[in-house]
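What follows is each chain in one-letter form.
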Amino acid sequence: MSLWEYANPARFMALSARVLPVLAVLSGLCLVVGLIWGFFFTPDDFRQGSTVKIIYLHVPSAMMAINAWAMMLVASLIWLIRRHHVSALAARAAAPVGVVMTLIALATGAIWGQPMWGTWWAWDPRLTSFLILFLFYLGYIALWEAIEDPDTAADLTSVLCLVGSVFAILSRYAVNFWNQGLHQGASLSLDKEENVADVFWFPLLVCIAGFVLLFVALVLMRTRTEIRARRLHALRMRARMG
Amino acid sequence: MMPDLGKYALYVLTAYGASVGLLAVLVAMSWVRSARVKRLLAEAEREAKIG
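Protein chains in written order, with our numbering: chain Y, 1 to 242; chain R, 1 to 51.
These are calculated hints, taken from the structure and not from any lab test. We treat Cβ as the ideally placed atom computed from N, Cα and C, and that holds for glycine. Just to be clear, a hint being listed does not mean it is correct.
[As the list claims (entries may be wrong)] Cβ pair distances, simulated, as ranges: (1) R:R46 with Y:V199: 55 to 61 Å; (2) R:E47 with Y:V196: 53 to 59 Å; (3) R:G6 with Y:A10: 55 to 61 Å; (4) Y:Q48 with R:R46: 56 to 62 Å; (5) Y:F202 with R:E47: 52 to 58 Å; (6) Y:V32 with R:L40: 31 to 37 Å.
Excised from the complex, chain Y in its bound form (with noise of 0.2 Å):
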């Protein structure tokens, strides 16, 4: 079977019906299980003290606000190529929830800046990159109410999605791009030597996936909300023609 058959909406719906109840218990189920355990059960950086507990909250937003533009800019680029609806309703439905992940992103790095920096906000590239990728989020969202033609909002914000993508691979490679910020490099790495210690870690693992299986969840979700308001319109529309 072809992952292209998934892109027939009945299909599409069917599947995901099946999946959606048992992301959404795994991914409550990580999320408690991730935060308690780094909120709870893990010590304090000798360095950072307990604010040390943000990075369960700030990392895997962060990593979830670049993700989901990554999936909005696959989902376009399939809807320009092959013109499957579900994949330009699939990137609608990623973008509030990847402007949510934005926020967290930016919320807690702030309220972490403020006692290791000093500041709640510098004009750092990471955190710069990070702020225009919230206002793509904006633009793009606003974008989609604004066209009352389907198609054609799915070509304008399809297009704008490609713009935004270079901030969005930015906002995950400016801190190597400018060596002048206040943002600190990846907290995650595979060389041992650069990554958080394993007390720190293992937690972070969990709420990682915890936050990747609710994106997953939430998409999948409003995907199904939005084929049904597409049906919703064309039943009004037809409606109202006949």
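Following the hints, put chain R in place on chain Y, whose structure we already have.
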């Protein structure tokens, strides 16, 4: 039992409160819209069958 968060307690608790609150609002809004659209579609399909 609440861990001793020391002088950074306010920062840590604010970060957790804001994040969990935002996630809860996102899940609730997604759920409510899903239920509303599902109900409206069921009504429209019923009307389409009758009409």
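Hints, verified against the model:
Checked against the hint of 55 to 61 Å, the C-beta distance between R46 of chain R and V199 of chain Y comes to roughly 57 Å, which is consistent with it. At about 57 Å, the CB distance of E47 of chain R to V196 of chain Y agrees with the hint of 53 to 59 Å. The given range of 55 to 61 Å is respected by G6 of chain R and A10 of chain Y, whose C-beta atoms sit roughly 56 Å from each other. For Q48 of chain Y and R46 of chain R, the hinted distance range of 56 to 62 Å is satisfied, since their beta carbons lie about 59 Å from each other.
Between F202 of chain Y and E47 of chain R the CB atoms are about 54 Å apart, so this pair conforms to the stated range of 52 to 58 Å. The beta-carbon spacing between V32 of chain Y and L40 of chain R, approximately 33 Å, falls within the hinted interval of 31 to 37 Å.
Against the hints set out earlier in the document, no violation occurs for any number.
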